[in-house]
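Protein chains in written order, with my numbering: chain A, 1 to 718; chain B, 719 to 821; chain C, 822 to 1027.
A couple of the hints might just be wrong.
Negatives, chain C to chain A, calculated, CB over 10 Å [unchecked claim]:
id : residue
1  : GLY838
2  : VAL841
3  : ALA933
4  : VAL939
5  : GLU940
6  : ASP957
7  : GLY975
8  : LEU979
Selected chain C positions facing chain A (in silico; Cβ < 7 Å) [what the hints assert, rightly or not]:
id : residue
9  : ASN911
10 : LEU914
11 : GLY921
12 : LEU922
13 : LEU925
Keep in mind the hints are simulated off the structure, nothing from the lab.
From a predicted model like this one, the values you see are computed outputs, not experimental measurements.
Every residue gets a Cβ at the ideal spot worked out from N, C-alpha and C, and that includes glycine.
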Amino acid sequence: MEALLDYAWLVVVLPLASAVAITAFGKNLPWKGSELGIASLAISWVLSVLIAYQTFIMSPMEEPVEFSYEWAPMGSEFVFELGMLVDGLTAVMLLLVTTVSLMVHIYSREYMHGEKRFTYFFAMLSLFTFSMLLLVIANNLVQAVVGWELVGVCSYLLIGFYWEEKSNQDAANKAFLTTKFADIGLIVGVVVLSAGMFGLDTSTPFNIREINAAATAGELSTTTVVLGMLMIFLGCMAKSGQMPLHVWLPDAMAGPTPVSALIHAATMVTAGVFVLARLFPVLAQSLVVMNVIAVVGVITLFFGGLLALVQDDIKKVLAYSTVSQLGYMVAAIGVGGYTASVFHLFTHGFFKALLFLGAGSLIHAVHSNNMSDMGGMAKAMPYTFVTFIIGTLALAGFPLTAGFFSKDEILIAGEIWAGAGFATGHLVYWVGIAAAFVTTFYMARACFLIFAGESRSHHPPHESGKQMVGPLVVLAVLSIASGYIFSPVWTAEQNFETWTETEFITEETVYPFAADADDAAEDQGEAVGTPGGIQGDGVLAAGSEPSVLAAAEDGELTVLHGAPTWHFDLLALLLVVFFAAVGVAWKFYGKGPPDRDPTMQMGRVTTVLVNKYGFDEFGYRFIVVPVRDTMSRAASYSSNVLIDGAVSGVGRMTKNAAFATYRVLDQKVIDGGVNGAAFSAAWWSERLKRTQSGNVQRYAAALVAGTIVLVVAFAAAT
Amino acid sequence: MSLVGPLLLATFLFCVGIYGVIARRNAVLVLISVELMLNAVNINLVAFQNLLFPDELAVSGLMFALFIIGVAAAEVGVGLAIVFNMFRNRASVNVDDVDLMRW
Amino acid sequence: MTGLDVVFVLVALFTAGAAVLTVTSKNLVHAALSLAATLAGTAGVFLVLHADFLALVQLVVNVGAVAVLFLFGLMLTRAPIGREALDSQNRGLGLAVAGGLFVLLSGLIIAAFGTTTVEQVTGASIEVIGIAIFADWVLPFELLSMLLLAALIGAIMLARRETGESGEEAMVTRIDVGDTPTTEGGVRAELENTTPAGQLGAGGDR
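Next comes chain A alone, as it looks inside the complex (with noise of 0.2 Å):
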């Protein structure tokens, strides 16, 4: 079975086999190229699943796989290398790409039936894994930015499916121009990176492992580590759609519904999240890395959820709330929850790739995006409602789920990283929290307009075929399951956490700044909150299991924070704002018959309280007959205006500051800015392109002018 890791590139070259062999003869076979893609997908996630299960019993793994053969030697130890690096974390992120893909591509095959550019579709999709799979797998950053880059033109190719339509060209533009826009910052990374990686003694400076290694040794300069990460961090915002460079995100949209759950999901958002894990040991040299990524993670998260309240089009929706979900991944790396981070990538996958899928499974029974042309889909729909409310039930994090068991996993290392000191652990632990409302808000109100009252559709809905609702309930299945790998019921001694520890992650691994600063407080007596000692318990953390605070045992703050165990306190809270949330969402949306909404019965509490009729008829039997003039008047301003306004205060106040936010931030400060630099440009192209004459003899006289300057510039210089 070990041999079997020696083997994990066959998952890499399978799909590129089959992108290569659907464009070669694709058109020609029964099903139109697409058995290729989906044969090929098969034999690959079979792999990854032993790759994942072999790691997985063998984890802590000691020393990882490396394979590799110089691709471009350039000099002694300048070398280009193609290569593989097999470990726990990429075989998570082999089995979550694969899986995903696999799923899409069976899915696929009924969603784009009859499409005309079937094969094309069906060879991009595979060629996109592919690209994934080549980034997750590389041992070197020169490889993992050809896969990066790669990722980014299959997903331009892709979202511009319907490149009939100007704006899907538009979209398509949009997503390339941004992401390549923050390339630029990935690759001034990686060069800076590897230029402090020279003269260490190394085999080549681009090799991933031995960056880890010179970067946990403290070989490595600061201002390479500073400079190099933050550099790399900007090709990951825009990947991985942090605030401000997550505008492609929604209009990625424009595809079709298959490629925006394989974006969102699998292949390309979590790019920028596997390479910041994957480069962890690195940015865990700097606390400033870490608290611009946590405070950008933490905009994110909020902001980008309040942007989905707004939407009709439920993909935006959805797309938002990646957004969101994006930003707790980020954060938690920023509050040094790496393995929270990679938990939430890895469950976060299976249910937005159900989320996505499910939405286009309605998508493709009414003909419209718009939940406006919905309404009542539970009825016609079953299987498509069910393994929606599941995946709405991940994503709001509602306990048992695989999302209750990641993102309270973020939550608790936020809360950690507070109890070491650190201000931005409070940051994410309570911004994370108010998210978490929003999120429960949006997706709350998404299902009711979606699945409650009468149909509202121009076509009657049906439910979608078999090969539709398979890949549907598997992910449904995964989008609960997989969260148990890490919870308190599973067993401590192999689990998600070991799973992805890598040889520099490890149960001893500290963070040097908080060492240095223990000492340093220490001498000066500092104050909690101010990051640098480290000191007693965490915020809410003060009755949970002391192992959960790796900083109270002996006061040093590790990376694993061990073995996950209840959270009580936590849970009630998030369970309380997870009523609130869906209540609040009852009050404005669930105007359809409450006894056919499942989801209706949940939110009772909350509807009670907020039904003013119940307190009109408590208030007159028993306060009103007594003390008529006063008091009913008192209590129907209280139910009215006090309980009434409060409620309608805090939706319209979310509202409002959604609108607020996608209004000047969203529109105006980020698009403007976007817009602005394409009108300056096209301003002085109007100008330069003067001097484009197209008079030959010009442009000779130029360059003879030229040549003279030249000279004289180099004689004048030597």
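Starting from the known structure of chain A, fit chains B and C onto it as the hints suggest.
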């Protein structure tokens, strides 16, 4: 004999050729100016060969001059053919009329 | 200042003067003839430099063939003689660039070779040149023949009239190109009126 004389003459011819290439409108005259520049180079080559390296057995300078004459003949042939083509298509041989490649 | 220098200065003055005439003449034919004079002057310079063989090649190829080719070129394109300005608006630009380059290059040359003089000018004999061509330079020489062949075919392909159909190429030899240079339609109309001399093959792509 002084070396600087032939070199200065070659420089002068070359610059006159450049002036012709830039300033003349008629495409045939532009080709003529190019011919002037090629000749200037030949003078340079011959002057260096015969005045500075007279004993070289491979006579590289003279050989290069010969090859340049040959290549120049080929260039004139193709160049004039292009000018004919342009004349037929646009009824003009003025190079400033041919500005399709502008903005 | 030896006697050779004096002869060189005279020849050089002739050549330079002819060159200036070539690029300033208002008359196209005069310009082409001035080019011939310049080329002949260059041949003289070669003679002064004791490159007899090269001088002869220069006379035969450049003065004899190329200059005549240019005259034919001027004739076939029916260039306006003296009626139209032969200089473009880039004249000042050209003057500045060429002048600047001349100042730069002559400064460099005088700085580098200003004092170099040679007592005895010797040129390679034709025997040496012949051995050099067919011993050291035989491969470039053969390549040159290929180049000339390619240029020959290329020039024919470029210059012959396009009709789009194979076998209807009889007009190649007709020098009526430019008889009606006014509009494209004129040429087209003329084409349609002309009966092809021979139908060698029917249709087909070239």
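Quick rundown of the hints versus the structure:
With a minimum CB-CB distance of about 23 Å to chain A, GLY838 (chain C) clears the 10 Å threshold, and the non-interface call stands. With a least beta-carbon separation of about 19 Å from chain A, VAL841 (chain C) lies farther than 10 Å from that chain, consistent with its non-interface assignment. Taking the minimum C-beta to C-beta distance to chain A, about 12 Å, the non-interface status of ALA933 (chain C) holds against the 10 Å cut. Against the 10 Å criterion, VAL939 (chain C) stays outside the reach of chain A, whose nearest CB is about 27 Å from its own CB.
The claim that GLU940 (chain C) lies off the interface holds: its Cβ sits roughly 32 Å from the closest Cβ of chain A, which is beyond the 10 Å cut-off. Every CB of chain A is more than 10 Å from the CB of ASP957 (chain C) (nearest about 32 Å), matching its label as outside the interface. Every C-beta of chain A lies more than 10 Å from that of GLY975 (chain C), the closest at about 20 Å, which supports listing it as non-interface. Every Cβ of chain A is farther than 10 Å from the Cβ of LEU979 (chain C); the closest lies at roughly 18 Å, confirming the non-interface assignment.
Hint on ASN911 (chain C) holds. Least Cβ distance to chain A is approximately 5 Å, under the 7 Å limit. Taken as an interface hint, LEU914 (chain C) checks out: its beta carbon lies about 5 Å from the nearest beta carbon of chain A, inside 7 Å. Among the interface hints, the one on GLY921 (chain C) holds; its C-beta lies about 5 Å from the nearest C-beta in chain A, closer than the 7 Å criterion. Of the supplied interface hints, the one on LEU922 (chain C) holds, with its beta-carbon coming within about 6 Å of a beta-carbon of chain A, less than 7 Å.
The interface hint given for LEU925 (chain C) holds, since its Cβ lies 6 Å from the closest Cβ of chain A, which is under the 7 Å cut-off.
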